[in-house]
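Student: Numbering (the UniProt record's numbering), first residue to last: 1 to 329.
Hints are supplied without guarantee of correctness; some may be wrong.
Simulated crosslink set (BS3-like; lysine-lysine; CA at most 27 Å straight-line) [unchecked claim]: (1) Lys-17 / Lys-317; (2) Lys-119 / Lys-229; (3) Lys-17 / Lys-100; (4) Lys-119 / Lys-100; (5) Lys-17 / Lys-67; (6) Lys-69 / Lys-17.
No lab work stands behind these hints: they were computed from the structure.
These numbers were taken from a predicted model, which means no experiment stands behind them.
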Amino acid sequence: MEVYVRNLGPLSEAAVKLSPITLFIGVNRSGKSILANAISAVTTAFAEAQREYARLYAEERLGRYAKPKSLAQLFNEKFQGEVFSIPVRRGEREAVISIKYGDASLVVTIDNVANFSVKGDMFEKAEKTTRDTLRVSARGDFDYTPYLYSWRTLGRCQRIYPEALRWITKTFDIVLMGDAVYEGGNAYRHVSSMVESLVDLGRRGGCQNLVLEEPEAHLHDDAVFELAKFIYGQASGGRGFLVTTHSDLLAAWVAALASHPDPGELGVELAGGRPEVRMYRFRLRAVGDAYVEEVDLSGGEVDMDELQLKVMEELSKALARIRDALRAA
Numbered sequence: 001m002e003v004y005v006r007n008l009g010p011l012s013e014a015a016v017k018l019s020p021i022t023l024f025i026g027v028n029r030s031g032k033s034i035l036a037n038a039i040s041a042v043t044t045a046f047a048e049a050q051r052e053y054a055r056l057y058a059e060e061r062l063g064r065y066a067k068p069k070s071l072a073q074l075f076n077e078k079f080q081g082e083v084f085s086i087p088v089r090r091g092e093r094e095a096v097i098s099i100k101y102g103d104a105s106l107v108v109t110i111d112n113v114a115n116f117s118v119k120g121d122m123f124e125k126a127e128k129t130t131r132d133t134l135r136v137s138a139r140g141d142f143d144y145t146p147y148l149y150s151w152r153t154l155g156r157c158q159r160i161y162p163e164a165l166r167w168i169t170k171t172f173d174i175v176l177m178g179d180a181v182y183e184g185g186n187a188y189r190h191v192s193s194m195v196e197s198l199v200d201l202g203r204r205g206g207c208q209n210l211v212l213e214e215p216e217a218h219l220h221d222d223a224v225f226e227l228a229k230f231i232y233g234q235a236s237g238g239r240g241f242l243v244t245t246h247s248d249l250l251a252a253w254v255a256a257l258a259s260h261p262d263p264g265e266l267g268v269e270l271a272g273g274r275p276e277v278r279m280y281r282f283r284l285r286a287v288g289d290a291y292v293e294e295v296d297l298s299g300g301e302v303d304m305d306e307l308q309l310k311v312m313e314e315l316s317k318a319l320a321r322i323r324d325a326l327r328a329a
């Protein structure tokens with residue numbers, strides 16, 4: 001799936017292609033989460049509209065009363081609740097989100113007062129796919145093949161993801177019992193943001209394509225490697241991951257797994273073939289003005305961002321000054 005945006009948050013324009021594993025790497029305010037959320041909002045609204053279209057068509061097939069609606073109408077209804085989370089670039093009148101999937105396209109235009117319009121032949125193609133693949137039982141149960149699978153953030157997921165739950169328990173010694181959370185055998189009422197995010201992943205992360213926002217937060221280096229192995233292994237089984245991250249370490253581990261001749265030697269359990277990996281670096285020209293570059297993974301390495309290197313250099317200098325002061329004392 002190819003995505004092009006214009007005047008979205010700090011991005012005057014950006015083009016990305018989503019693979020089974022896609023990383024958006026960058027500093028704060030560079031637009032990586034804004035772009036990921038926009039992709040999630042549009043595709044989730046489209047997926048929910050597909051399901052509602054299938055339900056109405058199933059009711060019609062069973063001879064029940066159902067007021068027919070086009071997929072475009074249903075998308076407008078679903079997207080109405082998402083549009084306020086998509087910011088237009090300061091000083092511009094409208095933002096554009098364009099999605100190309102196969103030979104179909106979908107273009108959403110949003111103005112700076114949250115009005116939006118949508119066009120594209122993806123609606124017609126998805127309607128045909130839904131009708132052609134719809135299976136309806138006598139009691140009204142229905143199933144169909146979605147034309148476009150959504151990319152959902154954790155907050156937009158609803159089903160249990162057993163693989164994530166097992167990984168969480170094994171790696172972090174976290175156990176869920178009802179509404180209680182146990183970490184290292186101890187019950188927590190006020191859990192850390194790391195535990196809360198991982199529990200959320202375990203309970204609601206069962207989507208075909210999942211958006212993870214800064215999952216490396218509060219993880220030590222070994223855990224970041226475990227996270228990279230988990231993402232790579234799950235993607236080999238057909239899952240999709242769009243990850244926003246500040247962590248060059250996470251990016252480096254994923255790049256290493258992608259280039260390693262045998263990821264199994266590093267402890268990765270492949271559920272299928274080797275997943276394709278893409279990475280994009282989000283950079284700031286100034287606050288409110290960002291751009292995107294695709295990272296070259298041909299060498300199996302990821303260069304650290306200059307701003308992050310500067311932070312590390314300043315931290316190293318500060319630690320040296322502290323050591324000198326302690327010695328002088």
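Student: For each hint, tell me whether it holds in the structure or not.
Tutor: Checked hints:
1. Lys-17 / Lys-317: Violated. Lys-17 to Lys-317 sits at ~39 Å, over the 27 Å cutoff.
2. Lys-119 / Lys-229: 39 Å, violated
3. Lys-17 / Lys-100: Distance of about 9 Å is within 27 Å: holds.
4. Lys-119 / Lys-100: 12 Å, holds
5. Lys-17 / Lys-67: 37 Å, violated
6. Lys-69 / Lys-17: Outside the cut-off at roughly 31 Å; violated.
Of the numbered hints given earlier, the model fails hints 1, 2, 5, 6; all others are met.
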